[in-house]
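*Asks:* Could you slot chain E onto chain H? The hints should help.
Chain residues, written in single-letter form:
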Amino acid sequence: GQQVMQIPQYQHVQEGEDFTTYCNSSTTLSNIQWYKQRPGGHPVFLIQLVKSGEVKKQKRLTFQFGEAKKNSSLHITATQTTDVGTYFCAGRTSGTYKYIFGTGTRLKVLA
Amino acid sequence: NAGVMQNPRHLVRRRGQEARLRCSPMKGHSHVYWYRQLPEEGLKFMVYLQKENIIDESGMPKERFSAEFPKEGPSILRIQQVVRGDSAAYFCASSPLTGTGGPYEQYFGPGTRLTVT
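These protein sequence lines map, in sequence, to chains H and E.
Using this note's numbering, read the first sequence as starting at 1 and increasing by one per residue.
Using this note's numbering, read the second sequence as starting at 1 and increasing by one per residue.
Isolated chain H (complex conformation) (with noise of 0.2 Å):
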């Protein structure tokens, strides 16, 4: 069956250093999108790649969908402590409704 693989599983910066998490599917994906999960909470909507080749930015956070639609990266640039939490993609084939979510990045950023 489909799977999405996370690397890397943990991650610990210093604040104000970067951050990338990369994301892998054994299948094509119609689309992904990207979830922040702090400790003891929900996940939280960040972003949706459909287009292959896709480049989004949010402030710090830069999204990009790989050309054959089976990879994506999340890149924080100048990590706070405000970015603590389980970073998680979801991606989904063509003709489905469900997601796959990833094995998850957990990132700790030490002050």
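Worth flagging that the hints you see were computed from the coordinates, not collected in a lab.
The structure presented is a predicted model; accordingly, all values stated were derived computationally and were not measured.
It is possible that part of the hints are untrue.
[Said to hold, decoys possible] Listed below are the simulated BS3-like cross-link pairs for lysine-lysine, each with C-alpha atoms no more than 30 Å apart in a straight line: (1) Lys27(E) - Lys57(H); (2) Lys57(H) - Lys108(H); (3) Lys27(E) - Lys51(H); (4) Lys98(H) - Lys36(H); (5) Lys57(H) - Lys70(H); (6) Lys62(E) - Lys98(H); (7) Lys27(E) - Lys56(H); (8) Lys36(H) - Lys51(E); (9) Lys51(E) - Lys27(E).
[Claimed, not checked] So the derived list for chain E, only partly shown, Cβ under 7 Å to chain H, looks like this: (10) Phe45; (11) Glu52; (12) Ile55; (13) Gly85; (14) Gly111.
We put the beta carbon where it would ideally sit given N, CA and C, even for glycine.
*Replies:* Positioned in the frame of chain H, the structure of chain E alone reads:
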């Protein structure tokens, strides 16, 4: 505009009892997803429903689990004869009608933490 509501937030059941989890989607949303999350793990898709219709239940265990989204009232995830392995956080997410202009983001509720003793 109230967000997605789930209740109860915490639920403790003894083995063999039934657990009933409720989800009220955001106003105007007619589609609901249910996910399960074990500690330190990702979210696992269980079922996708629209009002009065199960669209995709491929992630739901064949036995003991059922879900519904009636015309009136919240979506319900029912777990019969719970076992310790059912202990997890169960999240629902609502989404506007997919189709032209979609797909749309999912808005998650705060989750129900189920503990089976």
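*Asks:* Run every hint past the structure and note whether it holds.
*Replies:* Verification of the hints:
no. : hint                 : in the structure
1   : Lys27(E) - Lys57(H)  : 29 Å, holds
2   : Lys57(H) - Lys108(H) : 22 Å, holds
3   : Lys27(E) - Lys51(H)  : 29 Å, holds
4   : Lys98(H) - Lys36(H)  : 19 Å, holds
5   : Lys57(H) - Lys70(H)  : 20 Å, holds
6   : Lys62(E) - Lys98(H)  : 17 Å, holds
7   : Lys27(E) - Lys56(H)  : 28 Å, holds
8   : Lys36(H) - Lys51(E)  : 28 Å, holds
9   : Lys51(E) - Lys27(E)  : 13 Å, holds
10  : Phe45                : 5 Å, holds
11  : Glu52                : 16 Å, violated
12  : Ile55                : 6 Å, holds
13  : Gly85                : 20 Å, violated
14  : Gly111               : 5 Å, holds
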